[in-house]
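Peer 1: Could you put together the complete structure from these sequences and hints?
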Amino acid sequence: MSTTTVSPAATTGMAGGALWALLPVAWAAASFDDVEFGTLAWFGVAAAAWIFAVLPPALIAVGLTALRRALGDGTPRIARAGIVVSAVGLASMTLGNGIEIASMTAGHGEVALGHALFLIGFLVSVVGSIVVGVVVFRRRSDAPSRVAGMLLALALPLGIGIAILGSAIAPGSDAGFWAAIAVPTGLAWILLGRSLRSGEVAGTRELAAA
Numbered sequence: 002m003s004t005t006t007v008s009p010a011a012t013t014g015m016a017g018g019a020l021w022a023l024l025p026v027a028w029a030a031a032s033f034d035d036v037e038f039g040t041l042a043w044f045g046v047a048a049a050a051w052i053f054a055v056l057p058p059a060l061i062a063v064g065l066t067a068l069r070r071a072l073g074d075g076t077p078r079i080a081r082a083g084i085v086v087s088a089v090g091l092a093s094m095t096l097g098n099g100i101e102i103a104s105m106t107a108g109h110g111e112v113a114l115g116h117a118l119f120l121i122g123f124l125v126s127v128v129g130s131i132v133v134g135v136v137v138f139r140r141r142s143d144a145p146s147r148v149a150g151m152l153l154a155l156a157l158p159l160g161i162g163i164a165i166l167g168s169a170i171a172p173g174s175d176a177g178f179w180a181a182i183a184v185p186t187g188l189a190w191i192l193l194g195r196s197l198r199s200g201e202v203a204g205t206r207e208l209a210a211a
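When you line the sequence shown up against our numbering, it's residues 2 to 211, in that order.
In case anyone wonders, no lab produced these hints; they're calculated from the structure.
Hints are not guaranteed to be accurate.
[As the list claims (entries may be wrong)] Label pairs and their calculated CB-CB ranges:
(1) Val128 with Ser32: 29 to 37 Å
(2) Ala144 with Glu37: 47 to 55 Å
(3) His109 with Phe178: 15 to 23 Å
(4) Pro9 with Ala107: 30 to 38 Å
Predicted model only: the values in this text are computed from it and were never measured.
All C-beta atoms, glycine included, are put in the ideal place defined by N, C-alpha and C.
Peer 2: Spelled out as structure tokens, the structure:
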């Protein structure tokens, strides 16, 4: 009998992807504008905002460590740089959203600094995602990873298409904006995180059987 262990990083990245992909649904379902400050509903909306808008980029950044390990010591320098750039962008997005959600939770409005940090982080993460997506597509042969690589590499044009569709369907809602930013990357990390988990399980079984 053999036992298997999976590093938490791959699972963390997959969980972050799932929460990120669900952000537009959570945003459409609950808004600070729809509830009274200080009520139980207010803190419920605040909790949802922290869970779906602040936490996921940080979890995905942790998932990048599992990807770096899976790519191995022979990872090209450009790939390592892409992973670092992606992590920096995601950290900036986390901080920016955290500043804004903290302000809203306290009953205040949006914060210009938080908004700027988020948008800058998003642009930085897009650059990193293009590199990471191409590397994943070229160096990992399983279907989930290759689809994830394409989603990461094409996150920007896909996001633009989602934003246009969202503005046509629900012009008065921010859900389309959040879907454009979060859905391609979120779906990519659901697939990639699961693939990384499966690879780690398989590798552990091989070591146990040796």
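Peer 1: Take the hints in turn and mark each one as holding or not.
Peer 2: Consistency of the hints with the structure:
Checked against the given bound of 29 to 37 Å, the beta carbons of Val128 and Ser32, roughly 31 Å apart, stay inside it. Checked against the given bound of 47 to 55 Å, the beta carbons of Ala144 and Glu37, roughly 48 Å apart, stay inside it. Separation of His109 from Phe178 is about 21 Å and conforms to the stated range, judged on CB atoms against 15 to 23 Å. The beta-carbon spacing between Pro9 and Ala107, approximately 32 Å, falls within the hinted interval of 30 to 38 Å.
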